[in-house]
Each structure stands twice: as C-alpha cells, then as structure tokens.
Amino acid sequence: MRCYAFNQKEIDDVVSGKFDSTDNPLKNAPHTALSITSETWNHKYSREVAAYPADWLKDYKYWPTVGRVDNAYGDRNLICTCAPIESYSK
Numbered sequence: 000m001r002c003y004a005f006n007q008k009e010i011d012d013v014v015s016g017k018f019d020s021t022d023n024p025l026k027n028a029p030h031t032a033l034s035i036t037s038e039t040w041n042h043k044y045s046r047e048v049a050a051y052p053a054d055w056l057k058d059y060k061y062w063p064t065v066g067r068v069d070n071a072y073g074d075r076n077l078i079c080t081c082a083p084i085e086s087y088s089k
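So in numbering that gives the first Met the number 0 the end of the sequence shown lands on 89, straight run, no missing numbers.
No lab work stands behind these hints, which were simulated from the structure alone.
Every residue gets a Cβ at the ideal spot worked out from N, C-alpha and C, and that includes glycine.
Be aware that a few hints might be false.
To be verified - Subject to a maximum C-alpha distance of 30 Å in a straight line, what follows is the list of computed DSSO-like cross-link-like pairs (lysine-lysine):
| # | residue 1 | residue 2 |
| --- | --- | --- |
| 1 | LYS57 | LYS8 |
| 2 | LYS26 | LYS57 |
| 3 | LYS57 | LYS17 |
| 4 | LYS60 | LYS26 |
| 5 | LYS43 | LYS57 |
| 6 | LYS8 | LYS43 |
| 7 | LYS60 | LYS43 |
| 8 | LYS43 | LYS17 |
| 9 | LYS60 | LYS8 |
| 10 | LYS60 | LYS17 |
| 11 | LYS26 | LYS43 |
| 12 | LYS26 | LYS8 |
What the hints assert, rightly or not - Across the chosen pairs, the derived CB separations fall in these ranges:
| # | residue 1 | residue 2 | range |
| --- | --- | --- | --- |
| 13 | GLU47 | PRO83 | 22 to 32 Å |
| 14 | ILE35 | PRO83 | 34 to 44 Å |
| 15 | ASP22 | VAL65 | 11 to 21 Å |
| 16 | THR21 | VAL65 | 49 to 59 Å |
| 17 | ALA32 | ASN6 | 28 to 38 Å |
| 18 | PRO83 | SER15 | 19 to 29 Å |
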C-alpha cells in the first residue's frame with residue numbers, strides 16, 4: 000500500500016503541474032546513489048525529492064545500482080548475465 004500511495008502522489012504532482020511532465024521524479028526513476036550524489040543535477044526537482052519521494056523511505060531506502068536500461072524496454076525484457084546453470088553443478 001505504501002508503494003501505491005507515494006506513486007499516486009507523484010502522479011498527482013505531475014497532473015497538477017507541480018512537476019514538469021517530461022522531467023519529474025516518476026519519469027526519471029529510479030535515481031541511483033551516483034545520480035543523487037553527482038556534482039551536476041540537471042532536474043527541476045530537488046535531489047531530496049528524487050532520493051526520498053516518501054518520508055518513510057528515509058529509513059528504508061534501497062539504492063539501485065543502475066537506472067533504467069533502454070528505458071521501459073529494458074524493464075520489460077530482462078536479460079540474465081549469469082554463467083550457464085551447468086557451470087554451477089561442478
């Protein structure tokens with residue numbers, strides 16, 4: 000339920016015009032630790048909003064190691080880079 004609540008708030012903020020429709024925390028998620036701490040920040044919203052879209056995340060934040068791979072295509076078409084399963088049986 001928490002996930003839905005903060006995603007809905009982000010959606011409402013875009014619809015109301017609080018956030019830009021093309022440059023907003025929801026469209027650019029996930030924000031990696033590297034992107035939050037980098038020297039440059041070219042977004043119209045704050046780093047804090049990007050890092051913690053909901054207050055409870057300040058205690059339970061998971062930092063993804065990468066952003067989106069090939070935008071939504073990469074989210075829907077995962078590729079395993081593990082060694083073949085046979086190599087683990089030795």
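Structure-based check of all given hints:
For the suggested pair LYS57 and LYS8, the alpha carbons sit about 17 Å apart, so the restraint of at most 30 Å is met. Restraint check for LYS26 and LYS57: satisfied, since their Cα atoms lie roughly 21 Å apart, inside the 30 Å limit. At roughly 22 Å between alpha-carbon atoms, LYS57 and LYS17 fall within 30 Å of each other, so this suggested pair holds. Using a Cα cut-off of 30 Å, the hinted pair LYS60 and LYS26 holds, with the two alpha carbons roughly 19 Å apart.
Distance restraint check for LYS43 and LYS57: the Cα-Cα separation of roughly 21 Å lies within the 30 Å cut-off, and the hinted pair is therefore satisfied. For the hint linking LYS8 to LYS43, the alpha-carbon distance of about 17 Å falls within 30 Å, and the restraint holds. With a C-alpha separation of about 22 Å, the suggested pairing of LYS60 with LYS43 holds against the 30 Å cut-off. Proposed proximity of LYS43 and LYS17 is supported: the alpha carbons are some 10 Å apart, at most 30 Å.
Between LYS60 and LYS8, the direct Cα distance comes to roughly 18 Å. Compliance with the 30 Å bound is thereby established for this hinted pair. A C-alpha spacing of about 24 Å is found between LYS60 and LYS17, which places the hinted pair at or below 30 Å, so the restraint holds. Distance restraint check for LYS26 and LYS43: the Cα-Cα separation of roughly 12 Å lies within the 30 Å cut-off, and the hinted pair is therefore satisfied. Under the criterion of a C-alpha separation no larger than 30 Å, the hint pairing LYS26 with LYS8 is consistent with the structure, at around 13 Å.
Hint check: GLU47 to PRO83, Cβ distance near 43 Å, so the stated range 22 to 32 Å is violated. Range check, ILE35 to PRO83: about 36 Å between beta-carbon atoms, so the 34 to 44 Å window is met. About 20 Å separates the C-beta atoms of ASP22 and VAL65, a value consistent with the hinted range of 11 to 21 Å. Evaluation of the 49 to 59 Å hint for THR21 and VAL65 yields a failure: the beta carbon distance comes to about 21 Å.
For ALA32 and ASN6, the hinted distance range of 28 to 38 Å is not satisfied, since their beta carbons lie about 21 Å from each other. Checked against the given bound of 19 to 29 Å, the beta carbons of PRO83 and SER15, roughly 50 Å apart, lie outside it.
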